[in-house]
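Per the working numbering, residue 84 is the first one in the sequence shown, and the count goes up by one each step.
Bear in mind the hints are in silico, worked out from the structure with no lab data behind them. Since the model is a prediction, treat every value here as computed from it, not as a measurement. In this text, a Cβ means the ideal position worked out from N, Cα and C, and glycines have one as well. Hints may be right or wrong, so weigh each one.
What the hints assert, rightly or not - Cβ-Cβ distance ranges computed for the label pairs, FRET-style:
(1) Arg136 to Ile232: 20 to 30 Å
(2) Ala133 to Val111: 29 to 39 Å
(3) Ser97 to Ile127: 16 to 26 Å
(4) Pro129 to Glu200: 30 to 40 Å
(5) Gly100 to Cys238: 12 to 22 Å
(6) Gly195 to Ser96: 35 to 45 Å
(7) Tyr108 to Cys238: 46 to 56 Å
(8) Gln125 to Ala163: 17 to 27 Å
(9) Phe124 to Gly201: 47 to 57 Å
(10) Gln149 to Cys238: 18 to 28 Å
(11) Gln171 to Gly195: 17 to 27 Å
(12) Ala110 to Ala150: 44 to 54 Å
(13) Leu168 to Ala188: 15 to 25 Å
Stated by the list, open to error - Straight-line C-alpha distance at most 20 Å; calculated DMTMM-like pairs for lysine to aspartate or glutamate:
(14) Lys131 to Asp167
(15) Lys220 to Glu184
(16) Lys219 to Asp167
(17) Lys219 to Glu191
(18) Lys220 to Glu191
(19) Lys219 to Glu200
(20) Lys155 to Asp144
(21) Lys220 to Asp234
(22) Lys219 to Glu237
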Amino acid sequence: MSVGERCTLSMLSSETGATAAMCAYDAVTRRYLTGRTMSRFQPIVPDKDAEYRQSYQINIDQLTPQAAPYDKIGEVRPVAELHDLPVQHIFLGGCTCGRFEDLRAAAEILRGHQVHEGCRLFIVPGSRSVFLEALKKGLIRVFVEAGAIVDHPECDRPARTRSG
């Protein structure tokens, strides 16, 4: 997985009841950190003989697109189960789905289209660097031309957006 995908996995784990989740330090992590920090860092790795109370393996290739109803953010279900639910607000962004890869995928879908008049689409880049990259690559323009609301980058936005 990319570093962005690992961050999403770790952050969303709390939504499923986990206290914490981490991805193992490996070559992908090392390449990502190289040149991003002036500080020395020591990776945290488990002892070779570490024992785990429980272990889960999930084949993410088998997962279908997921969404949560507007007023029940903790009730994530397959999108196919929500086909009769009217969509009035869409939030894409923050820490979990505001990565550049997420914004690029959304822009590819929206390019040349308009957000439905009965729906508000909120785009919130997960960080300043993501916002600047999206701006540089023209994604922000695609969102604005499609009628989306693009807000400043931040990590935790859905709660505030839901009240608006």
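Going down the list of hints, with the structure as the test:
1. Arg136 to Ile232: 20 to 30 Å: violated, 44 Å
2. Ala133 to Val111: 29 to 39 Å: violated, 21 Å
3. Ser97 to Ile127: 16 to 26 Å: holds, 19 Å
4. Pro129 to Glu200: 30 to 40 Å: violated, 52 Å
5. Gly100 to Cys238: 12 to 22 Å: Given about 20 Å between the Cβ atoms, the range holds.
6. Gly195 to Ser96: 35 to 45 Å: holds, 36 Å
7. Tyr108 to Cys238: 46 to 56 Å: Violated, at about 23 Å.
8. Gln125 to Ala163: 17 to 27 Å: violated, 45 Å
9. Phe124 to Gly201: 47 to 57 Å: holds, 48 Å
10. Gln149 to Cys238: 18 to 28 Å: holds, 20 Å
11. Gln171 to Gly195: 17 to 27 Å: holds, 23 Å
12. Ala110 to Ala150: 44 to 54 Å: violated, 33 Å
13. Leu168 to Ala188: 15 to 25 Å: Given a distance of about 22 Å, which is inside 15 to 25 Å, the answer is holds.
14. Lys131 to Asp167: violated, 50 Å
15. Lys220 to Glu184: holds, 12 Å
16. Lys219 to Asp167: Not satisfied, since the Cα-Cα distance of roughly 37 Å exceeds 20 Å.
17. Lys219 to Glu191: Holds - the C-alpha atoms of Glu191 and Lys219 are around 15 Å apart, at most 20 Å.
18. Lys220 to Glu191: Distance ~12 Å between Lys220 and Glu191 Cα, so the pair holds.
19. Lys219 to Glu200: Distance of about 28 Å is beyond 20 Å: violated.
20. Lys155 to Asp144: Distance of about 25 Å is beyond 20 Å: violated.
21. Lys220 to Asp234: Holds, at roughly 17 Å.
22. Lys219 to Glu237: With a Cα-Cα distance of about 18 Å, the restraint between Lys219 and Glu237 holds, given a limit of 20 Å.
Comparing the model with each earlier hint shows violations of hints 1, 2, 4, 7, 8, 12, 14, 16, 19 and 20; every other hint is respected.
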